[in-house]
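Okay, here's what each chain looks like letter by letter:
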Amino acid sequence: MGKVLVVTSGKGGVGKTTSTAALGAALAHSGKSVVLVDFDVGLRNLDLIMGAERRVVFDLVNVIQGHAKLAQALIRDKRLENLSLLPASQTRDKDALTEEGVARVIAELKEKFDWVICDSPAGIERGATMAMRHADVAVVVTNPEVSSVRDSDRIIGLLDSKTERAEKGERVEKHLLLTRYDQARAERGEMLKTEDVLEILSIPLLGIIPESREVLRASNVGAPVTLSNPQSAPARAYADAARRLAGDTIAMSIPTDRRGLFDKFFGRRAA
Amino acid sequence: MKRIGGAKRRRQTGPSRRRTNDFNGPSKTTIALPKRRGATKRLDIARQSATAAPIELPLARAPEVPRPVSLVISESVRSGQSIVFREGDVTVIGSVSSGAEIIAGGSIHIYGTLRGRAFAGASGDPGARIFCRSLEAELLAINGLYRVADRLEQGLRGRPVQAWLEGKAIAMAPLE
Chain C
1 MGKVLVVTSG
11 KGGVGKTTST
21 AALGAALAHS
31 GKSVVLVDFD
41 VGLRNLDLIM
51 GAERRVVFDL
61 VNVIQGHAKL
71 AQALIRDKRL
81 ENLSLLPASQ
91 TRDKDALTEE
101 GVARVIAELK
111 EKFDWVICDS
121 PAGIERGATM
131 AMRHADVAVV
141 VTNPEVSSVR
151 DSDRIIGLLD
161 SKTERAEKGE
171 RVEKHLLLTR
181 YDQARAERGE
191 MLKTEDVLEI
201 LSIPLLGIIP
211 ESREVLRASN
221 VGAPVTLSNP
231 QSAPARAYAD
241 AARRLAGDTI
251 AMSIPTDRRG
261 LFDKFFGRRA
271 A
Chain P
1001 MKRIGGAKRR
1011 RQTGPSRRRT
1021 NDFNGPSKTT
1031 IALPKRRGAT
1041 KRLDIARQSA
1051 TAAPIELPLA
1061 RAPEVPRPVS
1071 LVISESVRSG
1081 QSIVFREGDV
1091 TVIGSVSSGA
1101 EIIAGGSIHI
1111 YGTLRGRAFA
1121 GASGDPGARI
1131 FCRSLEAELL
1141 AINGLYRVAD
1151 RLEQGLRGRP
1161 VQAWLEGKAI
1171 AMAPLE
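Same order as they appear, the protein sequences are chains C and P. Counting from 1, position 172 in the first sequence corresponds to residue 172 in the numbering used here; the numbering is continuous, with no gaps. Counting from 1, position 151 in the second sequence corresponds to residue 1151 in the numbering used here; the numbering is continuous, with no gaps.
These are calculated hints, taken from the structure and not from any lab test. Model, not experiment: these values are computed from the prediction. One should not assume that every hint holds.
[Said to hold, decoys possible] Pairwise CB distance ranges, derived in the manner of DEER restraints:
#: 1; chain 1: C; residue 1: G12; chain 2: P; residue 2: E1176; range: 38 to 44 Å
#: 2; chain 1: C; residue 1: D182; chain 2: P; residue 2: P1068; range: 50 to 56 Å
#: 3; chain 1: C; residue 1: R76; chain 2: P; residue 2: V1072; range: 47 to 53 Å
#: 4; chain 1: P; residue 1: Q1154; chain 2: C; residue 2: A103; range: 47 to 53 Å
#: 5; chain 1: P; residue 1: Y1111; chain 2: C; residue 2: M252; range: 26 to 32 Å
#: 6; chain 1: P; residue 1: A1149; chain 2: C; residue 2: A251; range: 34 to 40 Å
[As the list claims (entries may be wrong)] Here are the simulated SDA-like cross-link-like pairs (lysine to any residue), alpha carbons at most 25 Å apart as the crow flies:
#: 7; chain 1: C; residue 1: K193; chain 2: P; residue 2: R1133
#: 8; chain 1: C; residue 1: K193; chain 2: P; residue 2: R1159
#: 9; chain 1: C; residue 1: K11; chain 2: P; residue 2: S1082
#: 10; chain 1: C; residue 1: K193; chain 2: P; residue 2: R1157
#: 11; chain 1: C; residue 1: K193; chain 2: P; residue 2: G1155
Note that the Cβ used here is the ideal one computed from N, Cα and C, for glycine as well.
Take the sequences, apply the hints, and build the full model.
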């Protein structure tokens, strides 16, 4: 029986999809079978980040409504054979997700895969609650910034009340993934410090992903950052986070990109 | 901040605890399970006392002290959650996040940081107080009189504080 993991945040643009792809690829790379499920019906992006947009035939909504079999909708990754994607529909909206339909698809995926990773849409409406509904583990993606932290806090409240586990009186295991972290700016007081975020959210830290132009570069070539450039700082941070998810104990560190001479002289341009 | 497991939650369910966490604002549904359990428990008690009452009455009549009621929440209260307990005191073993609120008929005790809103004496009690281990509140109210974050004394921020009512104003002092 596989584990269901939801990647969620409340706020948009903090890096849920990037993190879903990167963690999924890192877990698959370690030999586990992984499926990524895009719950952002109507605004699907995960297929682009995974570079699978030209191979989408059927999607999650088709499977939920019984118009396609699960096996027909799953897209196998070209780089890692134990990594699959279940894309979202771009033409429908979140109302197409029925409770029973989602439950059936997740149950079926749990039989087949070690990790079922659900990429949640932003917000706290139907799409987001459906994505977290069956989760065993949650990765709460947060930027070191007040509005993101407050929205994450709200999402943690929902994870403790609206999920299947919460309703059974059990707990969803929650982890904080701090993304777009800029050490220099945090030190200058322009960003919240890691300790401040941890103090407010009080859930264990899974990893700190440094802000990097590699992330944008990776999404433009349609590859998870952990596959496109495994030596880059964000890729190493995601790889560590994935190992922690799998149960390994690794000391927390914030990897940095090695800067070339050019960067040293001309500063770091925004990616 | 340590959180205490789900099992303990059952005990917190007081007589009319309402813990809202709904998308339509803080007036609708509740965290399903604890409430349901609390509700059935309450019903059972009501039924028992109703059937047992005629027999036990002669013995139990003399001392009529109302049972004190309080609500203990053994975890942090998250943004968007609202704890409403008009029957008495509320104790939170954890923090109250920005965007969360505690509404209590009696006093409010927070063994963590108060970042949200606290309404003590909400059913009309000028003697109610608010205590917290660290003050970062958005709003404090006692018996309908309130102070917003802007009007809190800067020297008290981040410190253990108690607040009470002095006439028509909220008074505050450090708890050290």
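These are the hints, each one checked on the structure:
no.: 1; hint: G12(C) - E1176(P): 38 to 44 Å; result: holds, 42 Å
no.: 2; hint: D182(C) - P1068(P): 50 to 56 Å; result: holds, 52 Å
no.: 3; hint: R76(C) - V1072(P): 47 to 53 Å; result: holds, 51 Å
no.: 4; hint: Q1154(P) - A103(C): 47 to 53 Å; result: holds, 52 Å
no.: 5; hint: Y1111(P) - M252(C): 26 to 32 Å; result: holds, 28 Å
no.: 6; hint: A1149(P) - A251(C): 34 to 40 Å; result: holds, 38 Å
no.: 7; hint: K193(C) - R1133(P); result: holds, 22 Å
no.: 8; hint: K193(C) - R1159(P); result: holds, 20 Å
no.: 9; hint: K11(C) - S1082(P); result: holds, 21 Å
no.: 10; hint: K193(C) - R1157(P); result: holds, 19 Å
no.: 11; hint: K193(C) - G1155(P); result: holds, 23 Å
Figure legend: structure checked against the earlier numbered hints; every hint is met.
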